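Which chain is which? The protein sequence lines are G and X, in order.
Under my numbering, residues 1 to 111 are what the first sequence spells out, in order.
Under my numbering, residues 1 to 111 are what the second sequence spells out, in order.
Among the hints, erroneous ones may be present.
Computed cross-link-like contacts, SDA-like style, restricted to lysine to any residue with a CA-CA straight-line distance of at most 25 Å [unchecked claim]:
1) K9/X x S51/G
2) K44/X x A76/G
3) K14/X x T97/X
Beyond 12 Å from chain X on every Cβ pair, some chain G residues (computed) [said to hold, decoys possible]:
4) N22
5) I43
6) Q66
7) T100
8) Q106
Read the hints as simulated data drawn from the structure, not as lab findings.
Note that the structure is a prediction, hence the values are computed from the model and not measured.
Beta carbons: idealized from backbone N, C-alpha and C, even for Gly.
Residues per chain are reported as follows:
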Amino acid sequence: KNEVEQSPQNLTAQEGEFITINCSYSVGISALHWLQQHPGGGIVSLFMLSSGKKKHGRLIATINIQEKHSSLHITASHPRDSAVYICAVRSGETSGSRLTFGEGTQLTVNP
Amino acid sequence: NAGVTQTPKFRILKIGQSMTLQCTQDMNHNYMYWYRQDPGMGLKLIYYSVGAGITDKGEVPNGYNVSRSTTEDFPLRLELAAPSQTSVYFCASSPGTRGYTFGSGTRLTVV
Numbered sequence: 001k002n003e004v005e006q007s008p009q010n011l012t013a014q015e016g017e018f019i020t021i022n023c024s025y026s027v028g029i030s031a032l033h034w035l036q037q038h039p040g041g042g043i044v045s046l047f048m049l050s051s052g053k054k055k056h057g058r059l060i061a062t063i064n065i066q067e068k069h070s071s072l073h074i075t076a077s078h079p080r081d082s083a084v085y086i087c088a089v090r091s092g093e094t095s096g097s098r099l100t101f102g103e104g105t106q107l108t109v110n111p
Numbered sequence: 001n002a003g004v005t006q007t008p009k010f011r012i013l014k015i016g017q018s019m020t021l022q023c024t025q026d027m028n029h030n031y032m033y034w035y036r037q038d039p040g041m042g043l044k045l046i047y048y049s050v051g052a053g054i055t056d057k058g059e060v061p062n063g064y065n066v067s068r069s070t071t072e073d074f075p076l077r078l079e080l081a082a083p084s085q086t087s088v089y090f091c092a093s094s095p096g097t098r099g100y101t102f103g104s105g106t107r108l109t110v111v
């Protein structure tokens, strides 16, 4: 079993729909990251969370430390949101701040 | 600022050849990382560095070597390339407790 599990693996939505991507992890963490990888491969950091909730534009990320679970929400989805969304956890300050990654969720938003 | 710069973007190697993937960052980050991304898999850590002169193995170090002579540069060396090293390679940097900046990736094919 992977230390970081994402669901769903693939998600297709219509433009305007509300989207949720889930991430569960099995280790103690110091922070959780949500990343976006566009076709063409570049990876961009969206959020870093250690508690609560963060919002940036139409993106919202939440984390429940007790339940070891995080969600990424996209409101009013748009075709330009089509990308792979990756959850990654940092498991300790003394571990070189390394990340452990989920396998990613491929999101396709159709017009 | 350029962020994290990786070169080359694409490369085809023959089995047994060697090459160096270059990674440079201009943000004065202490932490640098090399990851590989295989289709359908999460990114896996190859090597990381917590500062100039200090490197350590990640999850999948076999067949690779690194050096960190300066804060800016963290080259990854492949000796005796094998087909199993066909992958997309990402370099990343971090100040340690905040977000990560990724390079644009190097797509390597070993034939």
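To see whether the hints hold, each was checked on the structure:
1. Straight-line distance between C-alpha atoms of K9/X and S51/G comes to about 36 Å, which puts the hinted pair past the 25 Å bound.
2. As the CA atoms of K44/X and A76/G are separated by approximately 33 Å, the hinted pair breaks the 25 Å bound.
3. Among the hinted pairs, K14/X with T97/X is inconsistent with the structure: their alpha-carbon atoms are about 39 Å apart, more than 25 Å.
4. In this structure N22/G is separated from chain X by more than 12 Å, as the shortest Cβ-Cβ distance comes to about 15 Å.
5. Consistency note on I43/G: stated as away from chain X, yet its beta-carbon is not over 12 Å from all of that chain's, at 4 Å minimum.
6. No beta-carbon of chain X comes within 12 Å of the beta-carbon of Q66/G; the shortest separation is about 22 Å.
7. Distance check for T100/G against chain X: the nearest CB is about 8 Å away, which does not clear 12 Å, and the non-interface claim fails.
8. Listed as outside the interface, Q106/G is inconsistent with that label: its C-beta sits roughly 10 Å from the nearest C-beta of chain X, within the 12 Å cut-off.
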